[in-house]
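K.L.:
Sequence:
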Amino acid sequence: KLHSDLDKGVGTVKYTLSGDGAGTVFTIDETTGDIHAIRSLDREEKPFYTLRAQAVDVDTKKPLEPESEFIIKVQDINDNEPKFLDGPYVASVPEMSPVGAYVLQVKATDADDPTYGNSARVVYSILQGQPYFSIDPKTGVIRTALPNMDREVKEQYQVLIQAKDMGGQLGGLAGTTTVNITLTDVNDNPPRFPKSIFHLKVPETSHIGSAIGRIRAVDPDFGKNAEIDYNIVPGDGGNLFDITTDENTQEGVIKLKKPLDFETKKVYTFKVEASNLHLDHRFHSVGPFKDTATVKINVLDMDEPPVFSKPMYTMEVYEDTPVGTIIGAVTAQDLDAGSSSVRYFIDWKSDVDSYFTIDATEGTIATNELLDRESTAQYNFSIIASKVSNPLLTSKVNVIINVLDVNEFPPEISVPYETSVCENAKPGQVIQTVTAADKDLSPAGQRFSFRLSAEASNKPNFTVHDYRNNTAGIETRRNGYSRRQQELYFLPVVIEDSSYPVQSSTNTMTIRVCRCDSDGTILSCNVEAIFLPVGLSTGALIAILLCIVILLVIVVLYVALRRQKKKDTLMTSKEDIRDNVIHYDDEGGGEEDTQAFDIGALRNPKVIEDNKTRRDIKPDTLRFPRQRPPVEDNTDIRDFINQRLQENDVDPTAPPYDSLATYAYEGNGSVAESLSSIDSLTTEADQDYDYLSDWGPRFKILADMFGEEESYNPDKVT
Numbered sequence: 024k025l026h027s028d029l030d031k032g033v034g035t036v037k038y039t040l041s042g043d044g045a046g047t048v049f050t051i052d053e054t055t056g057d058i059h060a061i062r063s064l065d066r067e068e069k070p071f072y073t074l075r076a077q078a079v080d081v082d083t084k085k086p087l088e089p090e091s092e093f094i095i096k097v098q099d100i101n102d103n104e105p106k107f108l109d110g111p112y113v114a115s116v117p118e119m120s121p122v123g124a125y126v127l128q129v130k131a132t133d134a135d136d137p138t139y140g141n142s143a144r145v146v147y148s149i150l151q152g153q154p155y156f157s158i159d160p161k162t163g164v165i166r167t168a169l170p171n172m173d174r175e176v177k178e179q180y181q182v183l184i185q186a187k188d189m190g191g192q193l194g195g196l197a198g199t200t201t202v203n204i205t206l207t208d209v210n211d212n213p214p215r216f217p218k219s220i221f222h223l224k225v226p227e228t229s230h231i232g233s234a235i236g237r238i239r240a241v242d243p244d245f246g247k248n249a250e251i252d253y254n255i256v257p258g259d260g261g262n263l264f265d266i267t268t269d270e271n272t273q274e275g276v277i278k279l280k281k282p283l284d285f286e287t288k289k290v291y292t293f294k295v296e297a298s299n300l301h302l303d304h305r306f307h308s309v310g311p312f313k314d315t316a317t318v319k320i321n322v323l324d325m326d327e328p329p330v331f332s333k334p335m336y337t338m339e340v341y342e343d344t345p346v347g348t349i350i351g352a353v354t355a356q357d358l359d360a361g362s363s364s365v366r367y368f369i370d371w372k373s374d375v376d377s378y379f380t381i382d383a384t385e386g387t388i389a390t391n392e393l394l395d396r397e398s399t400a401q402y403n404f405s406i407i408a409s410k411v412s413n414p415l416l417t418s419k420v421n422v423i424i425n426v427l428d429v430n431e432f433p434p435e436i437s438v439p440y441e442t443s444v445c446e447n448a449k450p451g452q453v454i455q456t457v458t459a460a461d462k463d464l465s466p467a468g469q470r471f472s473f474r475l476s477a478e479a480s481n482k483p484n485f486t487v488h489d490y491r492n493n494t495a496g497i498e499t500r501r502n503g504y505s506r507r508q509q510e511l512y513f514l515p516v517v518i519e520d521s522s523y524p525v526q527s528s529t530n531t532m533t534i535r536v537c538r539c540d541s542d543g544t545i546l547s548c549n550v551e552a553i554f555l556p557v558g559l560s561t562g563a564l565i566a567i568l569l570c571i572v573i574l575l576v577i578v579v580l581y582v583a584l585r586r587q588k589k590k591d592t593l594m595t596s597k598e599d600i601r602d603n604v605i606h607y608d609d610e611g612g613g614e615e616d617t618q619a620f621d622i623g624a625l626r627n628p629k630v631i632e633d634n635k636t637r638r639d640i641k642p643d644t645l646r647f648p649r650q651r652p653p654v655e656d657n658t659d660i661r662d663f664i665n666q667r668l669q670e671n672d673v674d675p676t677a678p679p680y681d682s683l684a685t686y687a688y689e690g691n692g693s694v695a696e697s698l699s700s701i702d703s704l705t706t707e708a709d710q711d712y713d714y715l716s717d718w719g720p721r722f723k724i725l726a727d728m729f730g731e732e733e734s735y736n737p738d739k740v741t
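Residue numbers (our numbering): 24 to 741.
Take the hints with a grain of salt, since some may be wrong.
Claimed, not checked - The calculated lysine to aspartate or glutamate pairs, modelled on EDC-like cross-linking and capped at a C-alpha distance of 20 Å, are: (1) 319 / 265; (2) 313 / 211; (3) 24 / 90; (4) 37 / 53; (5) 280 / 296; (6) 482 / 510; (7) 224 / 324; (8) 419 / 327; (9) 130 / 159; (10) 161 / 104; (11) 288 / 326; (12) 280 / 252.
Because the hints were derived from the structure by calculation, they are not lab data.
Work the whole structure out from these sequences, hints included.
P.N.:
Have a look at this one:
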């Protein structure tokens, strides 16, 4: 309520209100000054309001007093319950934890004024979840209330927590939340086999490394605490099997380490131990964390292929052994209870040429071809054995046959077969050391002996000295040799081996006499002696010499042709120069008459061959035609001239100028007029020699001569 001392209660004062909430939350009676709240107030929304009030004269509208400010404070009441802002909660605690183990702390918030009364004083309690867990009323910390809670018995717990204000007194407001608590696993349980003995049946044909069965121990723990390691306890049959752990199923997978044979042993019994990999020392007192079970394996009889007595057979046979000779045998048996008969045959893929045969019933191997050790020293092929009762069941074995050598080849001298001796050689001088080679497979300690043949031992030229180490030296027996007397010596050397039967051969060595210096260095031998050591025969040398001679002849012929061609060119040039003096056999019209033919054709014979047409017609620009009076037509002369003209036109060898053509007859009245310039009717007025100056440097002298004659001899008649 507002009241001014100037207000006499007669209605002359008016009260106004402004500020927070004026007109919306609060209103004022203008006459009495009473302030009212026009809607509900919430302290948690706005705890106080700042307002301004003033008394105004009703008539003048002027303030009677200065404006005053006042605060309206909202007083709190317990109208908000506690709330768990982070709920619901999820927590975990290890199983088998002791009493009082910390689990989680919860917190409730009360929006009421904590400074006024107990409206915001919260107390915690458990409504659901006892007797497993407890909570501190003031802090909200949840702890375990029972010892040895087992995850394998119960894993999930839901606890209902209540928070109540007013200190938990009657009439206080309360809020709740749930806490989901999970017991985490610890390794508190050992693995256990569900039964004490496991029976497995395994075919005897099972492959090594294959899985033949599975066993499983049960561990109620979870995750890594349930990981199990399986081991075979040493004992009966344990060395034939192995066991591993399947990481996905934690099963023990039994695998085969060695092959099984029903006929040898039908039952195997051994023990398997299962233990945890990750142990917890807190539970060692419970007992050993492992268990043992017995595994009994019964081997099943299967129809198996025959079994050879050996994994591989090795045999020997001498070369050239007669066809059909038995060299060995293979043996295979059916070890099954039925004991079927066995048949043998050679795998044709390994013996394509069929060098051997095998008896299908007995398994004996015999030769089918003559064997040659020098061609093939060892044969490797396969024998297949099959059961008569079930031919599809087969087994295979490799057979190696070594071909033994028979001494059939005599030893021979290793290259070279030719050597040389100096003309100045001394007696006893070694000119060559020779060795022997044998195509046979020489046994250990094989010895070769060297000697001269009987017919050569009496000759005083050379001898053979056997060094007893499979080598021998060729030695001289006299002082000096002469190429002029004898250029070549042929020395027969006999070589024997020590095998049985003894084989020997006579090898002829060629000894060439050469000229040497005092140190024994060869200076010269004949042509053949020079080239033969590098591998050229006499025929090859003759062929090379013939090629050289042919090349020389070709070069000589080519040079001669070039010289002849050059000479012909020079002669043509000389004749060309000589033919500049032209013989007409009659009186011509002077030097200017050379215009009647092309003299260039005489200087270039190629023009005659390339162009067979006549070139005896002078260009029109250089001719000075003269009008002659027509003559009387003479048919005989015309025909004679045309005939001779036709002959020269057709003849390709005829010269291209008519001044060389001899007609041997000159008649009268020729339509072609005279062929020479004797009868040319020219005068000084008719002839103009200025055009000679236009013909170039070659006619310069001629142009000067005629020009001078015109200047100084005007009366001369040409």
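K.L.:
If a hint holds in the structure, say so; if it doesn't, say that too.
P.N.:
Quick rundown of the hints versus the structure:
no.: 1; hint: 319 / 265; verdict: holds, 14 Å
no.: 2; hint: 313 / 211; verdict: holds, 12 Å
no.: 3; hint: 24 / 90; verdict: holds, 15 Å
no.: 4; hint: 37 / 53; verdict: holds, 5 Å
no.: 5; hint: 280 / 296; verdict: holds, 18 Å
no.: 6; hint: 482 / 510; verdict: holds, 16 Å
no.: 7; hint: 224 / 324; verdict: holds, 10 Å
no.: 8; hint: 419 / 327; verdict: holds, 13 Å
no.: 9; hint: 130 / 159; verdict: holds, 11 Å
no.: 10; hint: 161 / 104; verdict: holds, 16 Å
no.: 11; hint: 288 / 326; verdict: holds, 16 Å
no.: 12; hint: 280 / 252; verdict: holds, 19 Å
Checked against the numbered hints given earlier, this structure breaks none of them.
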